[in-house]
Amino acid sequence: QQQVKQSPQSLIVQKGGIPIINCAYENTAFDYFPWYQQFPGKGPALLIAIRPDVSEKKEGRFTISFNKSAKQFSLHIMDSQPGDSATYFCAAERDSNYQLIWGAGTKLIIKP
Amino acid sequence: EAQVTQNPRYLITVTGKKLTVTCSQNMNHEYMSWYRQDPGLGLRQIYYSMNVEVTDKGDVPEGYKVSRKEKRNFPLILESPSPNQTSLYFCASSLSSMGGQPQHFGDGTRLSIL
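If you read the protein sequences in the order shown, they are chains X and C.
So that you can map any letter, position 67 of the first sequence is 74 in the working numbering, and since no number is skipped, the others follow by simple counting.
So that you can map any letter, position 60 of the second sequence is 61 in the working numbering, and since no number is skipped, the others follow by simple counting.
These aren't lab readings, by the way, just hints derived from the structure by calculation.
Treat the hints with care, as some may be off.
What the hints assert, rightly or not - Listed next, with one range per pair, are the computed distances between beta-carbon atoms: (1) C:T23 / X:K78: 35 to 41 Å; (2) X:P47 / C:T6: 14 to 20 Å; (3) C:V53 / X:D86: 43 to 49 Å; (4) C:T14 / X:H83: 40 to 46 Å; (5) C:T23 / X:A36: 31 to 37 Å; (6) X:G90 / C:K58: 25 to 31 Å; (7) X:K12 / C:P84: 25 to 31 Å; (8) X:G90 / C:D108: 14 to 20 Å; (9) C:N27 / X:F46: 20 to 26 Å; (10) C:G64 / X:K118: 39 to 45 Å; (11) X:G23 / C:V53: 26 to 32 Å.
To be verified - Just so you have them, the derived chain X footprint on chain C, three or more residues with Cβ under 8 Å: (12) 38 to 47; (13) 93 to 99; (14) 107 to 113.
Don't be surprised by glycine CBs; every beta carbon is placed ideally from N, CA and C.
Here chain X stands alone, though its shape is the one from the complex:
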């Protein structure tokens, strides 16, 4: 199976809280896992990415946690701000031709 399952579909968090978005995959051949952020009227933009040889990666307030044995990875946003309100997509890269398989997306709202 080539799917990437993302949850939740939507999420509302108070400013300063830590939203967590989860993704699960089935194909153990995936070897690159990016997160993209999309604002209304814009295309997705790469936020942060991880490879399965590390369990965690931080860039500013954004952290990816990766559990290879469970085939799951998640995005955490520390000290969330209203400007973080966007749709977030996880993805996994197919190693045969480097195509990205995308999760369904999570619409995140950070309340002031």
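Here the structure of chain X is known, so what remains is to put chain C in place on it, guided by the hints.
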């Protein structure tokens, strides 16, 4: 400014009337791709191109055509559009087709097929 430019941004048309959505990138990227975005389904790849004159089907290629005659341009062609092709379309490019490359997206084209 490095960018991927799609045109038009919005289009309402009728079933069967051929249309082309243009995509151009100014970053000298080798890899280009077309996606459609539908609620609850994320992004699904339609076609991709690893380099000039090299194109291949993605996951949902039916009803679409592409060409890559120049490195910078990758138009998407709907020869006979149908209502089930109503969607938000994105063009993307990356430096190469090698793994782990960030994809740069255009701002999207919203197509409505009546």
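Worksheet item: Which numbered hints are broken by the structure, listed smallest first?
Response: 6 and 11
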